[in-house]
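My request is simple: use the sequences and hints to build the entire structure.
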Amino acid sequence: MYDALPGIGHACGHNVIAASGVGAALGLAKVAGDAGLRVKLLGTPAEEHGGGKVSLLEAGAFEDADFSLMVHGMTASPDMTGDSHSAKGMKSTAVDRFQVVYTGHTSHAAAAPELGINASNAAVLALNALAMLRQQLPKETNMNAFISLGGEATNIIPERTVVQVELRAYDLGIWRDMKKKVLNCFEAGAVATGCSWEWESTEHPYAPVVSDEVLAGLWDENFAQRGRTIDPEVRLGGGSTDMGNVSQVVPAIHPLQTFRGKQSPPHNPAFTEIAASPEADDAIIDGAVTMAATVVDVALNADLRADFQRRKAERPTGATQAKFSA
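The numbering of the sequence shown is this note's numbering, which starts it at 11 and goes up by one.
For the record, the hints were derived by calculation from the structure and aren't laboratory data.
Errors might be hidden in some of the hints.
[Unchecked claim] Derived Cβ-Cβ restraints for the label pairs, each shown as a range: (1) Ala323 to Pro288: 43 to 49 Å; (2) Asn165 to Lys50: 56 to 62 Å; (3) Asn165 to Ala329: 53 to 59 Å; (4) Glu289 to Gln109: 37 to 43 Å; (5) Ala202 to Leu125: 37 to 43 Å.
[What the hints assert, rightly or not] DSS-like mimics (lysine-lysine), calculated; alpha carbons at most 27 Å apart, straight line: (6) Lys322 to Lys98; (7) Lys333 to Lys50; (8) Lys40 to Lys50; (9) Lys149 to Lys190; (10) Lys333 to Lys40; (11) Lys149 to Lys191; (12) Lys272 to Lys40; (13) Lys101 to Lys40; (14) Lys333 to Lys272; (15) Lys322 to Lys333; (16) Lys98 to Lys50; (17) Lys322 to Lys50; (18) Lys98 to Lys149; (19) Lys333 to Lys191; (20) Lys40 to Lys190.
Only a predicted model underlies this, so the values are computations on that prediction, with no experimental measurement involved.
The C-beta atom is built at its ideal place from N, Cα and C for all residues, glycine as well.
Laid out in structure tokens, this is it:
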């Protein structure tokens, strides 16, 4: 991933991700022949909302991969016991983004309101139902929604309203069950007001990251060789990534490394400055070297090499191209 955020630039460190990946690939290219490797460097745009890796998966870009890895730079959190995260404990949430459209019937809001079917009322009822649903959802879920189109004028009964929805959870089963309950809330709004309704996905759904234990263990060992102390706990805070979709079908890791001594939440102008700092430059080098060393460790270890080749051979043809949904 390499794209910046609109308005504030590289406030999520995608420049560091891209540079680390390029550095690892350049280093591996020099030893690929001796190590029996084939290295593929994939640039994946639109991670924040477009799901670039999902599009690449569906196009077959990962079909020939034995494994995949990347590293994401972040600032340190105050409660960390080390200066970098363990790849073994990397957690991210599944996320599903979709919109709901209510259709009613327009009428003059003062002269003949009884002849209208108010689509705005349906949306308000649904959002109130969602607010009540929150109490019954597991704590590690996150649900956000807002009305993006609610009406055109105060004297016109709204005929069409649109609600944007985002659902997150660490567990796929909980995530899918939550969506069923959320859609029931929207159906209730339609039933109560007499509106018709429909929903459609607005973006690719993202799956949770599944960290491959072998790759994660090698990453932690090699990262420590760079002088990094490892915090065994990961507190991602509910974020999501399209690398989760890759990790569901190909052995993969998505470790987080810190910009030493720097603290700022991502998607913040202060983070943009940090992502261009000397500490970010250090992270690029550490990430690139660690990724390259991890790949070489697998390639030169006969047992590990055979294990990854076996797993690839057992993967059904086209498995990486299967669409993922909530």
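Practice prompt. Please name the hints from earlier in the document that this structure breaks, with their numbers sorted from lowest to highest.
Written response: Per hint list: 5, 10, 12, 13, 14 and 20 violated.
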